[in-house]
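Asks: Line by line, the protein sequences are chains A and B. According to this note's numbering, the first sequence holds residues 1 to 482 in order. According to this note's numbering, the second sequence holds residues 1001 to 1401 in order.
If you're looking for bench data, these hints aren't it; they were derived computationally from the structure. Do not rely on the hints blindly, as some may be mistaken.
To be verified - Restraint ranges, calculated between C-beta atoms of paired labels, are given here:
{"id": "1", "chain 1": "A", "residue 1": "Ala-344", "chain 2": "B", "residue 2": "Asn-1343", "range": "38 to 46 Å"}
{"id": "2", "chain 1": "B", "residue 1": "Ala-1256", "chain 2": "A", "residue 2": "Thr-123", "range": "23 to 31 Å"}
{"id": "3", "chain 1": "A", "residue 1": "Gly-49", "chain 2": "B", "residue 2": "Gly-1344", "range": "55 to 63 Å"}
What the hints assert, rightly or not - Some chain A residues well away from chain B (every beta-carbon gap over 10 Å; in silico):
{"id": "4", "residue": "Gln-225"}
{"id": "5", "residue": "Ala-274"}
{"id": "6", "residue": "Tyr-398"}
{"id": "7", "residue": "Pro-451"}
As the list claims (entries may be wrong) - Some but not every residue of chain B turned toward chain A, in silico, with C-beta under 7 Å:
{"id": "8", "residue": "Ala-1271"}
{"id": "9", "residue": "Leu-1272"}
{"id": "10", "residue": "Leu-1310"}
{"id": "11", "residue": "Thr-1321"}
Even glycine gets a Cβ: it sits at the ideal position worked out from N, Cα and C.
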Amino acid sequence: MAADIQHLIVLMLENRSFDCMLGRLYPDDPDYRGLTLNESNPYANATIGVWSGDGMPTDIACTPKPDPGEKFKDINQQLFGPDGKRTRAPPNMSGFAANYANQPASKDGPFAPRNAMHFFNPTQVPVISQLAMAFGVSDDWYASAPCQTWPNRFFAHTGTARGHVDNNTFLVPFPAESIFHRLQKAGKPWRVYFHDMPQSILLGDIWLSALFHFRRFSQFLADAQTGSLPNYSFIEPRYFSDLFLNNIPNDEHPPHDVTYGEQLIAQVYNAVRASPCWEKTLLVITYDEHGGCFDHVPPPLAASPDANVNTDYNYAFDTYGVRVPAVLISPYIKAGSKIRPPPAADGTERHFDHTSIIATVRKLFLPSDPPLTRRDASAPDLLSSLNLDVPGNEGLPYIDSSLLQPEPADVVDRAQAQPNGMQASLSAAAAALPATPPAIAGTVPAPVELPNVSYPTVAIAHANATANTNRFMGMSYPDNNV
Amino acid sequence: MNKPSPILWLVCLSLPALFAATQAPLAAADPPPAITFLNGNNPGTPVGLNETLWVQVTNLAAPNATIDSTRYVLFFNGQEVHGLSDPLYRKDSRSLGFELKRNDKNRDLWTSLLGAPSVAHPSVEVDVALGEKTTDKTAAKPTITGANGTDLLHLKVFSPISLAIAAILIVAVVVLVVVSAQHSTTLRDSYLPQIEPTKQTYSLARCQMAFWFVLIFCSFIFLYIATWDYNTVSQQALVLMGISGATALAAVAVDANKDSPADFVNRGLRALGFNSYDDVERAYADIDAKTQELKSPSPPSAQRIAQLTLEINDLNNRLATYHANIRPFTTQGFLRDIITDINGTAIHRLQVFCWTIILGGVFIIGVYRNLAMPEFGGTLLALMGISSAGYVGFKIPEKNN
């Protein structure tokens, strides 16, 4: 009997590689493509091995600190070595330490090369580790492109980055058809649940209906409780520190404390697990890109989504990015599942990437819709992970996420920091949002370049991002339940 | 034993009569003394406290005779006015002068005469009588009275001038406190210095302290004007002021020692460059200046326009964030501010408010009716103290919005 999935929920966190979060989940399983602890990178005639540290003090939870480089050029150096020259051959994943050490100076401290080689033991990230073991984990899920956050998040929504490899070159709104738009046209319910500013609000094709589909995270908890989750839910974490609500980012973007991301994962899981929707739900927890954190598996080749080629780097988006963690949760998934996509009909190997989400949405809710791009057309959907005929895996009834309250000093520290790439780009994009969404079809403004704004601190970037977003969406702020 | 002689008997029997003849004002055949006229320092005007009441008495003594005026005491409405100085005596007008002073010995009498004053009745009618001190410690009796209303005194309850001065002083203090409360942070919390003073929330503890200050101050002025007695502040009034002051101090200490949402907002606003309300005003001024530049007759370059637009947007966003976050900390009106917390009406605040109002009312009535600050019993004061202590205790977990 086919699994009856009526609710697909995706929680996409930020900038952690598979090895960083789940590399040591099954250390004794040779088939699990995790860390053996023999992995290393060369740097300055030395060999820097992977390491995890003891316990989970804040400095470990925030590793790597400062934020690694994550632009296309950085990622090429991380994958192919110091010259960063791309080839069709698989990269040797040897430049993480060197690229990290060569980053421009940061207010967050020195770039010690070993920080890029850090990973978390399962005991250090117990929430995602427990869920991965209680349900399924994929060691074969890649970022859609070796690019920064925005290209990968747009791949998750539209199946393409339309030639952009870095955040700051995008136009606002992003002019590509999204899976949300498809759902909208088909009358299928969907929602984006967000904390401060949803990156997905930059999708121009949903501006007409944005007001009806974007809700704060507190609404997700309420919807889960009442069993009114839509067919497709996409959850965005908190990207900014919020001094007013004493909130710290829970996106896990380095150097943000992963503990708060763990809390968010637990909140989402607990809400879904206790929801009347549980037995018809597939929850996917993944990360947009590796963010400069070491992973030892070379990204394979991928299908180019469209004809867009990045001319600066002559890149046709024909390779995946670095592996990212992916945990799949459903009562239809056996405990301890290690999930890889089945090969294509012609026997060729396939891999999960963010467009697998689109493929899954299409298969579940839009079976007659064509693909958005060639990439999602070739992407394996996630339904192969549902390896139980009946919803028999009850999993963990509840995960104690020990909801920490951040120390005000930590929040101040993050709020006074220089914005990271994601934060800077989001706040700049927010400045390009119109005062209100277009009300009539055909009146969506033409895409414009990101305004040339540079906010000195996260606090000011946050104020601008949230104020512009709330004005655009007619929402009030602050919301104590975000 | 020999019988006394008749002459000795005669002498013995006549001695009391002789003694009485030397002491009596007039021969037994003369009419008894009577009050014939009452007057103050200013003829024709009523007499009030701290003025001299002249009582003209006929037949008190022979013209130009010397009398012992210290023997006479004054009666109002049949009650002896204790504690007055010995009266003076004017031979020419045959009058005894009594300085009307209020003191501990006659406070109750004055209270009964002057208490509960009314503007419609600036004076009260009092029957005046005189009596003679006794030598055997028995109470004197009002033996010298008048006839045909000659012993009727118009006793001033208050003088219009004094009343006006008192009213001006009281109104001035009340206005000062009210205006200060409205336009400054005197009676308001100042959790966030970034909020305009007139929009800060009212503080229950400070308002309570101001309430008792105004009440006691005005009572003091009223009593001083009415009685010219400056020893009117009772111990209980001091205790009430002490309780309210201690409550305010404790409330400030509690607020200072807890990490409240206001602290978070304060940190957030400071991170946006708003350290005080001046910074907020400066941001508005910046927006105005940049807007004016955009509208100037010689338009700036396109690059400058874009920059100005972004800067204005940035300032507006900071201000929008400012307004969104200060909202819970701005006043919702006096009553709501002082009796509510984040969860709505708070019982610990409501009870302090109610008991303060009730005791305040009792205090005012007491001052008005008794011309003295009330002597609250220990139970009532304990009630107020417990109420205030409860408020401070419950304030510890209370969030500052």
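Asks: Against this structure, judge whether each hint is valid.
Replies: Each hint, compared with the structure:
Taking 38 to 46 Å as the suggested C-beta distance range, the pair Ala-344 of chain A and Asn-1343 of chain B does not conform, at roughly 60 Å. Separated by about 41 Å at the C-beta atoms, Ala-1256 of chain B and Thr-123 of chain A break the suggested range of 23 to 31 Å. Restraint check, Gly-49 of chain A to Gly-1344 of chain B: a C-beta distance of roughly 59 Å satisfies the suggested window 55 to 63 Å. Here Gln-225 of chain A stays apart from chain B, with its beta-carbon at least about 22 Å from theirs, past the 10 Å limit.
Every C-beta of chain B lies more than 10 Å from that of Ala-274 of chain A, the closest at about 27 Å, which supports listing it as non-interface. With a least beta-carbon separation of about 28 Å from chain B, Tyr-398 of chain A lies farther than 10 Å from that chain, consistent with its non-interface assignment. Non-interface status of Pro-451 of chain A relative to chain B is broken: a Cβ of that chain comes within 10 Å, the nearest being about 6 Å off. Proximity of Ala-1271 of chain B to chain A holds as hinted, the smallest CB-CB distance being about 4 Å (cut-off 7 Å).
Hint on Leu-1272 of chain B holds. Least Cβ distance to chain A is approximately 6 Å, under the 7 Å limit. Proximity of Leu-1310 of chain B to chain A holds as hinted, the smallest CB-CB distance being about 5 Å (cut-off 7 Å). Interface restraint check: Thr-1321 of chain B against chain A, minimum CB-CB distance 4 Å, threshold 7 Å, status holds.
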